[in-house]
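S.K.: Sequence:
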Amino acid sequence: MAYDLIGDIHGYADKLTSLLRKLGYRSRSGVWRHPEGKRQAVFLGDFIDRGPQQLETLGIVRRMIDEGSAQAVMGNHEFNAVAWHSPDPLNPGDFLRSHKLKKNMNQHRVFLKQVGGDANLHRELVDWFLTLPLWLDFPELRVVHACWHQPYMDFLRSSLSPGLLMNSEIMEEASRKDTRNDPREFGGELSIYNAVDVILKGLEYPLPGGMSFPDKGGHSRTRSRICWWDRFAADLPSAFIGIPEDILKTIPSEPLPEDLLISRQDSRPVFFGHYWLSGTPDVQSENAVCLDYSVALGGSLTAYRWDGEGRLDSGKLVWV
Numbered sequence: 214m215a216y217d218l219i220g221d222i223h224g225y226a227d228k229l230t231s232l233l234r235k236l237g238y239r240s241r242s243g244v245w246r247h248p249e250g251k252r253q254a255v256f257l258g259d260f261i262d263r264g265p266q267q268l269e270t271l272g273i274v275r276r277m278i279d280e281g282s283a284q285a286v287m288g289n290h291e292f293n294a295v296a297w298h299s300p301d302p303l304n305p306g307d308f309l310r311s312h313k314l315k316k317n318m319n320q321h322r323v324f325l326k327q328v329g330g331d332a333n334l335h336r337e338l339v340d341w342f343l344t345l346p347l348w349l350d351f352p353e354l355r356v357v358h359a360c361w362h363q364p365y366m367d368f369l370r371s372s373l374s375p376g377l378l379m380n381s382e383i384m385e386e387a388s389r390k391d392t393r394n395d396p397r398e399f400g401g402e403l404s405i406y407n408a409v410d411v412i413l414k415g416l417e418y419p420l421p422g423g424m425s426f427p428d429k430g431g432h433s434r435t436r437s438r439i440c441w442w443d444r445f446a447a448d449l450p451s452a453f454i455g456i457p458e459d460i461l462k463t464i465p466s467e468p469l470p471e472d473l474l475i476s477r478q479d480s481r482p483v484f485f486g487h488y489w490l491s492g493t494p495d496v497q498s499e500n501a502v503c504l505d506y507s508v509a510l511g512g513s514l515t516a517y518r519w520d521g522e523g524r525l526d527s528g529k530l531v532w533v
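214 is the number of the first residue of the sequence shown in my numbering; add one for each residue after it.
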């Protein structure tokens, strides 16, 4: 089987149909399929929030999965949607993703507006999100929304439902922040919260010496995302992403802790989204590619046409 791996869609159904058409898929009886019958789409999660056609996007993806022309993994936005809809047993009147926080409402507002007051539809969509596995592990390639972290996956596997699916018990634990340490910092303890957080949101590491930088929202940050996929990152400055260049230049060249070198544990190609890249799509290394190119910010919806190769090629990227 050959696969067409597709990055974060965020409710841009028109972009999705354009990309599927460019990849050679055709809509028959309301389902997009590849005419060769030997190709399957694989979606990297984050179908919802932000865009104008979230229900249409979900309809396309769900029909493809139901008819066997696609597979998909859960993204952090689907996880958040389940938590938003799940009552918090420790905080009566609130939910696992609190409705009292403005940032939570702002992120989910467009989805809620498009669902409207249809409680049955809302429940149906949340139930469907729970059918999405946290990762896909094929013999020749790997698929995850944000971070392929084998130690966390091994720890988490026995708690998941069959098919690497979330369930109500693990949703509660994964939604309750671990106060012992930051879950995405190096050295985070093995816990369900930490494991799910890293898989769906990625690894972070504290800046040395108490340094900080302003993020896109103007908030001061003392830690940054790590490009865990870069097998050649030799020190902290080369591993940090999202830090302004003037601040990045001042970070001392400290070697990466061994625990951050997770990309060197498996040479199979790994496909992921989540990181809001920009510019012309490209592979990150010979065995890693991020397919999130910020479609919700006017960027491209991006796919990779995989035909069995062990070494990824930027010429196999397709976008609209």
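Some hints here could point you the wrong way.
Cross-link-like lysine to any residue pairs, in silico, SDA-like; alpha carbons within 25 Å at most [as the list claims (entries may be wrong)]: (1) K235 <-> K462; (2) K251 <-> H298; (3) K390 <-> G455; (4) K313 <-> K251; (5) K414 <-> S372; (6) K228 <-> R444; (7) K326 <-> S507; (8) K326 <-> G455; (9) K462 <-> D479; (10) K529 <-> R444; (11) K414 <-> L343; (12) K414 <-> I383; (13) K326 <-> D350; (14) K414 <-> E280; (15) K315 <-> L325; (16) K316 <-> H298; (17) K315 <-> D520; (18) K251 <-> D520; (19) K390 <-> P346; (20) K316 <-> P265; (21) K390 <-> L314; (22) K316 <-> Q327; (23) K316 <-> S425.
Simulated restraints on C-beta separations [unchecked claim]: (24) E353 <-> S433: 41 to 47 Å; (25) P427 <-> S527: 31 to 37 Å; (26) R477 <-> M424: 24 to 30 Å; (27) D367 <-> D459: 38 to 44 Å; (28) S231 <-> W489: 31 to 37 Å; (29) F368 <-> T463: 34 to 40 Å; (30) M318 <-> E353: 40 to 46 Å.
Derived by calculation from the structure, the hints in this document are not laboratory data. Beta carbons: idealized from backbone N, C-alpha and C, even for Gly.
S.K.: Of the numbered hints stated earlier in the document, which are not met by this structure?
M.R.: Checked against the structure, the hints that fail are numbers 1, 2, 4, 6, 8, 9, 13, 14, 17 and 28, while the rest are satisfied.
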